[in-house]
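Participant: Given next are the chains, with one letter for each unit.
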Amino acid sequence: MLAVLGVAIAAAMLLDMVMLATGMRESFRQLLLSRGFDIRLAPKGTLPFDTDATIPSVGAITTVLRSNPDIREISPVLGSSIHISVGARDVSASVLGIDPSVQGDYELVSGQDALTPESMVANDSLIRRLGARLGDTLTVATGYDPQTRSYSGQRQLVLTGRVRFIYGATEQSSAAVRRETLEEMSGDQQRDRASLFMIRVRQGADPDRVREWIESYIPTVSAISVATAIAQVDQRLSYFRQLALILGSVSLLVGFLLVTTLVTVSVNERSGEIAVMRAIGVSRNHVVQQIVAEGVAISIIGALIGLGLGLATAKYLNGILSTFPGLPMAIDFFLFQPVAAWSALGLLTASGIAAGIYPAWRAASLPISETLRREAIA
Amino acid sequence: MLFTLVATLSLLLPQTQQSAARTIAIDETLAAQAKLKVGDRVTLLARPAAEDFAVMTATPSGYNPGVAPAETVIVAAIMRRSADPSQIARADLLVRMHLDQLQQISGYGDRVDRFAVATRPGANVGRLLDDINGVAFGFRAYRSRDIAVETSRTFQVVSRFHRAIGVITIVASSVFLLCIMVLKVEERRRDIAALRLMGISRSSVVKTIIVEAALVSILGSVLGVGLGWAASLLVNWYYQGIYRTPLQFSIVTPSIVAASVALSLLLGALAGVLASVRLARTPPLVLLGR
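The listed protein sequences derive, respectively, from chains A and B. Each residue of the first sequence is one higher than the last, beginning at 1 in our numbering. Each residue of the second sequence is one higher than the last, beginning at 1 in our numbering.
These are calculated hints, taken from the structure and not from any lab test. No experiment lies behind these values; they were computed from the predicted model shown. Positions of the beta carbon are idealized from the N, C-alpha and C atoms, including for glycine. Treat the hints with caution; some may be incorrect.
Unchecked claim - So, partial list: chain A residues that the calculated Cβ filter (under 8 Å) puts toward chain B: (1) 3; (2) 153; (3) 253; (4) 280; (5) 282; (6) 320.
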């Protein structure tokens, strides 16, 4: 029983590590594709919203992009920060300037989208901090000078909707207004600029070809397709994949050693029985099959128990990693996919077969008469 | 007192202009990537040169050459990065230059991002902070360690994750060790039966097995510590190469070695007790299969 528990723990660890190795990438891919945008354009040499840099000449770039028939939809986004006066308090938050008809940054939960230049939508975190309700008029500014304690780019905006930002971090307070509203509030510094373009390509078009076309025509941007974004995230978070590989291998080795030891002890204890079976005509192959099957059975029972254990520990570990500052809420490091469970089960079954080979070989090569004599004397 | 201004710059290479240029220091990653060496001349701009090209291409009539003038400087030093955990996952390239030079190039004026203040030994830092915050207008003073705590949240999360993985690994290893030890003792059932039939007492048999299990555990621990130390060297070599940092990613300390050996010894002895008590209670003839 203890040995099966040991195999179950090894199986749980293995499942967790397979989930960690594959889940992060899949979760990120699902997040990027959740709104159907295939390509992101960020200022040259940066990742979206990784720096404060912006892309100039939004109008001209949009014209260039529209000339490509493979591009179906373009959504320029300007990111900035805002300050909202609430009595004597100043609440700061991040803000996105978007075009509501093509935006892919948030989902409307209740109320109305930012359809007019005077409207604003916000997420729960910001609404809670403001103590505001839908329909309230807020005094919003894009600049704050701490030396003179004065605001710039101030404007009265009506909170029209409650939204959930898809790429937002758990603790992040965010709002969105129309891009032209944010440009006006920010002044000349941000005029005709965007932090990011999100692009949908025509169905059947190759996003990577479109990406290459964009980079050759617009040198101010880095065009990032879902594949390149995943490659960049892979590079940044390679540590977790390597950790998963190492710990997964160790778990597999531990499971293998346990099953080998267990089956070997079992074979040693039953050497007399095995010798009798061989003496009455049971073939070597049959003995080998029986012992290998024993190893596989232990592995599968352990794996089944380990499945529940693995899911529980994965949830716990994912809870820890989800508190990463700035990590989008929708990203899971440990994502359960049936393929992960099947992979772990397959690896354990293979290790169970391998674990049974040595004891099976020992059992098959037992000298029959000598073993029977030894058993009789004992 | 240090004044710090951080800005994103772009470098244009190479330059042949010969004038009384000022100097900069660059980090070794930038030197390697841009194939720069001490004495080379480069031109610094506060924004990518490609932006001008793009603006011209996209909107010929709206082209604005910008306000920040370029400056040609000499690479005077190549520096190695300090062991800063906050930099390891970033691919930033670093240039160090004179404050007034950066203010001029970036168009930042007489402004800085932060002041770093060194205090005299024995100074009351708390009172100093209160004094500065009492008279300061437009900025706020913090202790370095408070800022370090705030900016190291990522590493706190990683650290919690490591601890959780560590606990799970210890539990898994404990069960594994227990299993192996119990199975190995079970294998000795005939020896134990023989000892009992020879008249050796139960307690002597139990003690013998516990001592043997403890010795096996210590031997395993020594091997494990050696293996762990070698793995630690490998991990440091690999990640220091990947991230180009002198940070130590894995450290084997005496306390970790002591804890590992103690845990292994405890588990070995426990397994010895579990298995030997059960076997000692079983009649010797049953152990022999009679």
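Participant: Hint by hint, note whether the structure agrees.
Facilitator: Okay, the hints, checked on the actual structure:
Residue-level restraint check for residue 3 of chain A holds (minimum Cβ-Cβ distance to chain B is 5 Å; threshold 8 Å). About 19 Å separates the beta-carbon of residue 153 of chain A from the nearest beta-carbon of chain B, more than 8 Å, and the hint is not met. Here the hint on residue 253 of chain A is broken, as its CB sits about 10 Å from the closest CB of chain B, past 8 Å. Hint on residue 280 of chain A is violated. Least Cβ distance to chain B is approximately 20 Å, over the 8 Å limit.
Interface restraint check: residue 282 of chain A against chain B, minimum CB-CB distance 21 Å, threshold 8 Å, status violated. The beta carbon of residue 320 of chain A comes within 5 Å of a beta carbon in chain B, closer than 8 Å, and the hint placing it at the interface holds.
When held up to the earlier numbered hints, the structure conflicts with 2, 3, 4, 5 and fits the remainder.
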